[in-house]
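Heads up: the sequence lines are chains A and B, in that order. Just so you know, we're using our numbering here: the first sequence kicks off at 16 and counts up by one. Just so you know, we're using our numbering here: the second sequence kicks off at 16 and counts up by one.
FYI, nobody ran anything at the bench for these hints, they're computed from the structure. Each hint can be trusted.
Given that identical chains are not distinguished, each listed pair holds provided it fits within a single copy or across any two copies.
Below, a list of computed lysine-lysine pairs in the DSS-like style, where the Cα atoms sit at most 30 Å apart:
(1) Lys214 <-> Lys54
(2) Lys116 <-> Lys158
(3) Lys269 <-> Lys291
(4) Lys291 <-> Lys54
(5) Lys221 <-> Lys269
(6) Lys221 <-> Lys92
(7) Lys273 <-> Lys231
(8) Lys299 <-> Lys54
(9) Lys71 <-> Lys231
(10) Lys299 <-> Lys269
(11) Lys217 <-> Lys54
(12) Lys93 <-> Lys271
(13) Lys71 <-> Lys26
(14) Lys281 <-> Lys299
(15) Lys273 <-> Lys33
(16) Lys145 <-> Lys92
(17) Lys124 <-> Lys160
A quick note: this is a predicted structure, and the numbers were derived from the prediction, not measured.
2 protein chains.
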Amino acid sequence: MELWYTEEHAKDVRFSIKVDKQLCSVQSDFQRIDVFDSKEFGRFLTIDGLVMITEKDEFIYHDMIVHVPMATNPNIKKVLVIGAGDGGTIRELSRYSTIEKIDMVEIDKVVVDVCKEYLQQTACGFDNEKVNLYFEDGLKFVKTKENEYDLIIVDSTDPIGPGEGLFTSDFYSNCYRALNENGILVNQHESPYYSEYAKAMKRAHKRIEEFFPICKVYQVHIPTYASGHWLFGFASKKFDPISDLNEEAWNNLKIKTKYYNTDIHKGSFALPNYVKDLLAEAEK
Amino acid sequence: MELWYTEEHAKDVRFSIKVDKQLCSVQSDFQRIDVFDSKEFGRFLTIDGLVMITEKDEFIYHDMIVHVPMATNPNIKKVLVIGAGDGGTIRELSRYSTIEKIDMVEIDKVVVDVCKEYLQQTACGFDNEKVNLYFEDGLKFVKTKENEYDLIIVDSTDPIGPGEGLFTSDFYSNCYRALNENGILVNQHESPYYSEYAKAMKRAHKRIEEFFPICKVYQVHIPTYASGHWLFGFASKKFDPISDLNEEAWNNLKIKTKYYNTDIHKGSFALPNYVKDLLAEAEK
Numbered sequence: 016m017e018l019w020y021t022e023e024h025a026k027d028v029r030f031s032i033k034v035d036k037q038l039c040s041v042q043s044d045f046q047r048i049d050v051f052d053s054k055e056f057g058r059f060l061t062i063d064g065l066v067m068i069t070e071k072d073e074f075i076y077h078d079m080i081v082h083v084p085m086a087t088n089p090n091i092k093k094v095l096v097i098g099a100g101d102g103g104t105i106r107e108l109s110r111y112s113t114i115e116k117i118d119m120v121e122i123d124k125v126v127v128d129v130c131k132e133y134l135q136q137t138a139c140g141f142d143n144e145k146v147n148l149y150f151e152d153g154l155k156f157v158k159t160k161e162n163e164y165d166l167i168i169v170d171s172t173d174p175i176g177p178g179e180g181l182f183t184s185d186f187y188s189n190c191y192r193a194l195n196e197n198g199i200l201v202n203q204h205e206s207p208y209y210s211e212y213a214k215a216m217k218r219a220h221k222r223i224e225e226f227f228p229i230c231k232v233y234q235v236h237i238p239t240y241a242s243g244h245w246l247f248g249f250a251s252k253k254f255d256p257i258s259d260l261n262e263e264a265w266n267n268l269k270i271k272t273k274y275y276n277t278d279i280h281k282g283s284f285a286l287p288n289y290v291k292d293l294l295a296e297a298e299k
Numbered sequence: 016m017e018l019w020y021t022e023e024h025a026k027d028v029r030f031s032i033k034v035d036k037q038l039c040s041v042q043s044d045f046q047r048i049d050v051f052d053s054k055e056f057g058r059f060l061t062i063d064g065l066v067m068i069t070e071k072d073e074f075i076y077h078d079m080i081v082h083v084p085m086a087t088n089p090n091i092k093k094v095l096v097i098g099a100g101d102g103g104t105i106r107e108l109s110r111y112s113t114i115e116k117i118d119m120v121e122i123d124k125v126v127v128d129v130c131k132e133y134l135q136q137t138a139c140g141f142d143n144e145k146v147n148l149y150f151e152d153g154l155k156f157v158k159t160k161e162n163e164y165d166l167i168i169v170d171s172t173d174p175i176g177p178g179e180g181l182f183t184s185d186f187y188s189n190c191y192r193a194l195n196e197n198g199i200l201v202n203q204h205e206s207p208y209y210s211e212y213a214k215a216m217k218r219a220h221k222r223i224e225e226f227f228p229i230c231k232v233y234q235v236h237i238p239t240y241a242s243g244h245w246l247f248g249f250a251s252k253k254f255d256p257i258s259d260l261n262e263e264a265w266n267n268l269k270i271k272t273k274y275y276n277t278d279i280h281k282g283s284f285a286l287p288n289y290v291k292d293l294l295a296e297a298e299k
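Using the sequences and the accompanying hints, generate a full structural model.
Okay, structure coming up:
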């Protein structure tokens, strides 16, 4: 017998992983959540039929969503994380002793429960005393905050289903208000390559630009995401991710990472012309 | 009816493209050559069941294999290209009026014939008067040359089948001899992500290092190659791809590109830690 997981990266493009076993399949109030085990990628989590993380390459996503803002401003103390139910973002943030408080808002408790049971590689940091876990709608939560956070990380699913609200102008404007004067917003920014993802990327970029004076995009190689070419958005009130990068301070922390380093931090903001063109179209 | 092309990116990982029509299928003396048409990628060429180029993203590969060395040394005049039967590398090189001579050595004339018939997007530069086309074994051809070229581009298939000789120590040592004192060698360097590709990458890196004092690796997003995370090797006798990069000279040429720019030139040499570790293992 052979069991294959297949995902449509685009209408006419499929990515398939040979599966040893389906470990879990749950329909929550919000979405369908599955965990599979495989030889190539280890265990992997899918939500509504899209790969969220695999044990093999989750380090890439989590390194790049966390260490880029943390190296730009080493004085980040208060962090809000929205989404991130697998726990990987919390795990990486927990490595900074300088962080005083992490509020994490995940709409779907079932994701956290499933990851605690099946994906301990990422779901290992929820008990950290700095972490306050809220099972609420991130959109509503952030509305109640003002001038409070140094960093907001939006570690969401794609802008379909429960993740949709996290790509709206309303949400970004509330993030702006919830951030203090040093505030940085990092979000997963979809991909430039297949047209449906590129549309979502342009829309997010356009909306974030309405509110933040500094608004850049950086890229990363994530082989299990559509096209493998993934983007993050870096928006902020005053910190520039390149000119304000404090390389020495970050390197002195001696945080061991498998993907991130301060050279790739700088390198990842250099984008191909076709991606720059797509972003420029969005800025019009 | 649905027709799907499927490639194994690793033993347990498949990448599939919905095909409108198979345009051509030939068994040459060396390999099996197919051309398909598809909605997402346009026409695409496969050799022995591996995607070589697609009309949608060939610009990425050809931009990065050609413009990186050309921007590093704007005085490149004599170029040897090995492999590259689809014509894309020649097409990009032909945009430099400073180049005086391009010798291209492709072992399999059938690849060129097929591309001339079905892939005019890349196979449009063979008639350029600067191009001398040899249908020979690149390994043997390069042995006969000494102190002749400013640049050798090895645009080969993977190191299985006819491409195998182009990944040997013998070949690299002959490339070294065929290059003059300004010589640069760029080769497609496989991928770090799936283990079979990573093995080939490490082997190539180890062998090139035996001969060239400067030996670096740069990365690129090519969604239709295994993992989408692809590498090129940059080896040279004296030019460093970062410190010798002549940004102003290249930008003054006003060559319009869809992927390459001098920022991504620099950024692409910043590698993730896990890739640096693999290369360091090879250097031992």
